[in-house]
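Asks: Read off the chains here:
Protein chains: 2
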Amino acid sequence: MVYGLGIDGGGSKTVCLLIDDRYQVLGRGEAGPSNYQSIGLSAATMAIKNAISQAVSYHQPGICIGSLGLGLAGVGRPEDIEIVRELVRQIQSNEQLQINWNIAPENFFIGGDSLIALVGGLGHDVGIVAMAGTGSQVFGRNHHGKIKRVGGWGYILGDEGGGYDIAVRGLRAVMRSFDGRLPPTRLTQELLNELGLKSPERLIEAVYRRGLGVRDMAALSTIIDRVAAEGDPVAETIITDVAQELVLATQVAIADLFNSGDFCEIVTVGGIWRGWSNLRSEFITGINAIAPQAEIVWPRHEPALGAALLAMKFK
Amino acid sequence: MVYGLGIDGGGSKTVCLLIDDRYQVLGRGEAGPSNYQSIGLSAATMAIKNAISQAVSYHQPGICIGSLGLGLAGVGRPEDIEIVRELVRQIQSNEQLQINWNIAPENFFIGGDSLIALVGGLGHDVGIVAMAGTGSQVFGRNHHGKIKRVGGWGYILGDEGGGYDIAVRGLRAVMRSFDGRLPPTRLTQELLNELGLKSPERLIEAVYRRGLGVRDMAALSTIIDRVAAEGDPVAETIITDVAQELVLATQVAIADLFNSGDFCEIVTVGGIWRGWSNLRSEFITGINAIAPQAEIVWPRHEPALGAALLAMKFK
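Top to bottom, those sequences are chains G and W. According to UniProt numbering, the first sequence is numbered sequentially starting from 1. According to UniProt numbering, the second sequence is numbered sequentially starting from 1.
Hints are computed from structural coordinates only; laboratory data are not their basis. Note that beta-carbon positions come from the ideal geometry of N, C-alpha and C, so glycine has one too. Don't take each hint at face value.
[To be verified] Straight-line alpha carbon distances no greater than 27 angstroms define the calculated DSS-like cross-link-like pairs of lysine-lysine that follow:
| id | chain 1 | residue 1 | chain 2 | residue 2 |
| --- | --- | --- | --- | --- |
| 1 | W | K315 | W | K13 |
| 2 | W | K146 | W | K315 |
| 3 | G | K148 | W | K198 |
| 4 | G | K198 | W | K148 |
| 5 | W | K146 | G | K198 |
| 6 | W | K198 | G | K146 |
[Said to hold, decoys possible] Derived, one-sided and incomplete: chain G residues facing chain W with beta-carbon distance under 7 angstroms:
| id | residue |
| --- | --- |
| 7 | I147 |
| 8 | V150 |
| 9 | G154 |
| 10 | L157 |
| 11 | D179 |
| 12 | R181 |
| 13 | L182 |
| 14 | V207 |
| 15 | G211 |
| 16 | V214 |
| 17 | L248 |
| 18 | W273 |
Sequences and hints are given; from them, build the entire structure.
Replies: Structural data, given as structure tokens:
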């Protein structure tokens, strides 16, 4: 029996799935982040190795791996792919992993996180993925293999609708409300409580001097989401605005890849879509208004399965 | 004859004015930045000392200084003022400065940059200052001495209408245009030329990896301003949006400090107001619509004179 590995290496965790040639999941491993551009190559290599080690531990030693797919955030340029290829070579030469590697070059896939999310989310490789986690990106692929990315330019240049964006909008709303530029909002008390602060003025200290990182900020988005679900008008406006941003990005991808009236599936991937607020229903309403033939679905599988499928099936 | 010193210590330079007791400027000195929170205390002390040294060099050695006003960005809390007080003590004990210090405690002023900009800009201490440089803030003071600040929460939480904000809006517009979320804009070519980049995708590298600082980013705002003046609709929308932000902040300050119909002066301080675009005229139109009794003026003097006047006249 020949098996395959699918790996989803993200900024917060790494997931590895062991699958068989009928695409059944036989093992799953999870380890720390593997975004080598931020944590360095050796830490990323270690995380990927640990995730693989866990995934194959359900099985007998000496298992034979015939295909491998690896998706990493920010990997797209040929130089990135070459770096990751070398990283995989190192893992394959690691004797601690009791694996018999037998991968033909054509059974090898290295790419970015968008395509594996698309293929994992839909179970096939045509459609659109609207990702909203810490950042955001819309990515699509049509029947001719043409791809289109929209957004995902990072926390300064883009990522509209991601957790960081939602959090910054929420914190700015607190300051605007404090000044009198916006009416009072429950966001103030809820965000200050979360950060252990006594007044909005203390946010200066917390954000600039204590150095709240991008991921810490993004974590605050769940509070904005919840306060919006509870009916606070200021928070609701933020959610409506970011839903419209995600609709716009998706609309651009649909228009670029599909003919008007073509059926297409849009999969919503990432924690932001799982919130309590109306974000996803507003997104669906917005998409229905501009592309009634599109169908919005929840992910059918996780991105790591997309990575495995890309190595075995959709190369 | 007894003289006074007024010092404006900012994030990019330090200005010192020597004035006499009829408020005539007798000498001027300029040195590097003196924002001690970012460059450290000893560098700030050196800059202020150099600015003073230059300002008094026009005069005979042994000049007698009877009052001193010092305005520094971000200084407002009692602990900040105590730090700056100690800094001034060190400068006064410096024997290289051939100055006879004879300052009574009541002839000493230490404060933030907003009040000195207001007093310098208007020549008196009642009214509103709308500051837009790298950051932005609206600050006002009424006849009862009540003050009101709006905005100025820094580049993450606020500073709407400052150079950094304008630049980020411009760079985001370039990415949105590249994606197809906005129509083509001349901002793309102009901003890429300025940064020596070949395509919008290279902005990722420039902004995140090369680490374009807040001040470097803010410097790009002059390009957005110019492209707007040349009639590019995307750039014009940015300028209109930030003009409305500055109108809103000013409106809140007026409402908090003055009765409806009260005359009040608004002074526009900072490089952003001096651009070629319609930003200032749109600001004036916006203010006229909500507070027809307000008068928008250019600064009458520089903030350093405001610092000197605060020490001598408006304590």
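Asks: Determine for every hint whether it applies to the structure shown.
Replies: Evaluation of the provided hints:
{"no.": "1", "hint": "W:K315 - W:K13", "in the structure": "holds (25 angstroms)"}
{"no.": "2", "hint": "W:K146 - W:K315", "in the structure": "holds (14 angstroms)"}
{"no.": "3", "hint": "G:K148 - W:K198", "in the structure": "holds (20 angstroms)"}
{"no.": "4", "hint": "G:K198 - W:K148", "in the structure": "holds (20 angstroms)"}
{"no.": "5", "hint": "W:K146 - G:K198", "in the structure": "holds (23 angstroms)"}
{"no.": "6", "hint": "W:K198 - G:K146", "in the structure": "holds (23 angstroms)"}
{"no.": "7", "hint": "I147", "in the structure": "violated (13 angstroms)"}
{"no.": "8", "hint": "V150", "in the structure": "holds (5 angstroms)"}
{"no.": "9", "hint": "G154", "in the structure": "holds (6 angstroms)"}
{"no.": "10", "hint": "L157", "in the structure": "holds (5 angstroms)"}
{"no.": "11", "hint": "D179", "in the structure": "holds (5 angstroms)"}
{"no.": "12", "hint": "R181", "in the structure": "holds (6 angstroms)"}
{"no.": "13", "hint": "L182", "in the structure": "violated (10 angstroms)"}
{"no.": "14", "hint": "V207", "in the structure": "holds (6 angstroms)"}
{"no.": "15", "hint": "G211", "in the structure": "violated (11 angstroms)"}
{"no.": "16", "hint": "V214", "in the structure": "violated (11 angstroms)"}
{"no.": "17", "hint": "L248", "in the structure": "holds (6 angstroms)"}
{"no.": "18", "hint": "W273", "in the structure": "violated (20 angstroms)"}
Of the numbered hints listed earlier, those contradicted by the structure are 7, 13, 15, 16 and 18.
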